[in-house]
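Trainee: Under numbering that gives the first Met the number 0, think of the first position of the sequence shown as 0, with each following residue one higher.
Hints were generated in silico from the structure; no laboratory data involved. Each residue gets a CB set at the ideal place from its N, CA and C atoms; glycine is no exception. Misleading hints may appear alongside valid ones.
Stated by the list, open to error - Listed next, the in silico DSS-like pairs over lysine-lysine satisfying Cα-Cα at most 25 Å (straight line): (1) 195 with 106; (2) 57 with 195; (3) 106 with 57.
Claimed, not checked - Ranges between beta-carbon positions, derived for each pair: (4) 124 with 172: 17 to 27 Å; (5) 81 with 187: 35 to 45 Å; (6) 8 with 134: 40 to 50 Å; (7) 34 with 189: 34 to 44 Å.
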Amino acid sequence: MSNTDIALTTLGYWAAFGYLLGSIPFGLLVARVMGLGNLREIGSGNIGATNVLRTGNKPAAALTLLLDGGKGALAVLLGHVAGGDPGLIAGLAAMIGHCFPVWLRFKGGKGVATFLGIVLALNPMVGLGACLAWLAGAFSTRISSVGALVASVAAVPLAYLADGPKTAVYIALMAALIFWRHRGNIARIRAGTEPKIGKKS
Numbered sequence: 000m001s002n003t004d005i006a007l008t009t010l011g012y013w014a015a016f017g018y019l020l021g022s023i024p025f026g027l028l029v030a031r032v033m034g035l036g037n038l039r040e041i042g043s044g045n046i047g048a049t050n051v052l053r054t055g056n057k058p059a060a061a062l063t064l065l066l067d068g069g070k071g072a073l074a075v076l077l078g079h080v081a082g083g084d085p086g087l088i089a090g091l092a093a094m095i096g097h098c099f100p101v102w103l104r105f106k107g108g109k110g111v112a113t114f115l116g117i118v119l120a121l122n123p124m125v126g127l128g129a130c131l132a133w134l135a136g137a138f139s140t141r142i143s144s145v146g147a148l149v150a151s152v153a154a155v156p157l158a159y160l161a162d163g164p165k166t167a168v169y170i171a172l173m174a175a176l177i178f179w180r181h182r183g184n185i186a187r188i189r190a191g192t193e194p195k196i197g198k199k200s
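When you get a sec, could you build the whole thing from the sequences and use the hints?
Mentor: Written as structure tokens, this is what we have:
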């Protein structure tokens, strides 16, 4: 094999690793272990922390948030040990895995916590800025999806200022995925029917 073939094969392994890690449905698992029922039959049916919160169990929601963010961060950090691009590939694959897990017929979460974990691992200051943007958007409107959209937009210029165009474009790709996954939420926001944070199912 040529060096190019070896490099592509290595990136393929990291993409597969990131996807499998990202596709672990921690929200479903946490809800089941903590006796909260089938998350698919609660609220929006989403597997993320916001929907876990609709069960009224805040510790379960917090744990889901940490685990979903952690798998994105872990994919990036382990990939970076191999040097450079594997971390970026593994992180993006983890995001895709969370949104489209093969175990759930490719019907996964919205990717926000995983996105924030990835950004925090790439650059903690940019990640912190994105988290603060989420807090500002979510708590000023009491709508989680608004926070997600604000955070994903804010992360792009922050990444450009901190790390340059390559990282900004990388984060913009994930931000675009977040907007795509939130297209139903965006329609409900416009209609004034999007649920508020903490509303139980």
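Trainee: Could you run down the list of hints and mark each one as holding or not?
Mentor: Structure-based check of all given hints:
| no. | hint | in the structure |
| --- | --- | --- |
| 1 | 195 with 106 | holds (23 Å) |
| 2 | 57 with 195 | holds (15 Å) |
| 3 | 106 with 57 | holds (24 Å) |
| 4 | 124 with 172: 17 to 27 Å | holds (20 Å) |
| 5 | 81 with 187: 35 to 45 Å | holds (41 Å) |
| 6 | 8 with 134: 40 to 50 Å | holds (41 Å) |
| 7 | 34 with 189: 34 to 44 Å | holds (37 Å) |
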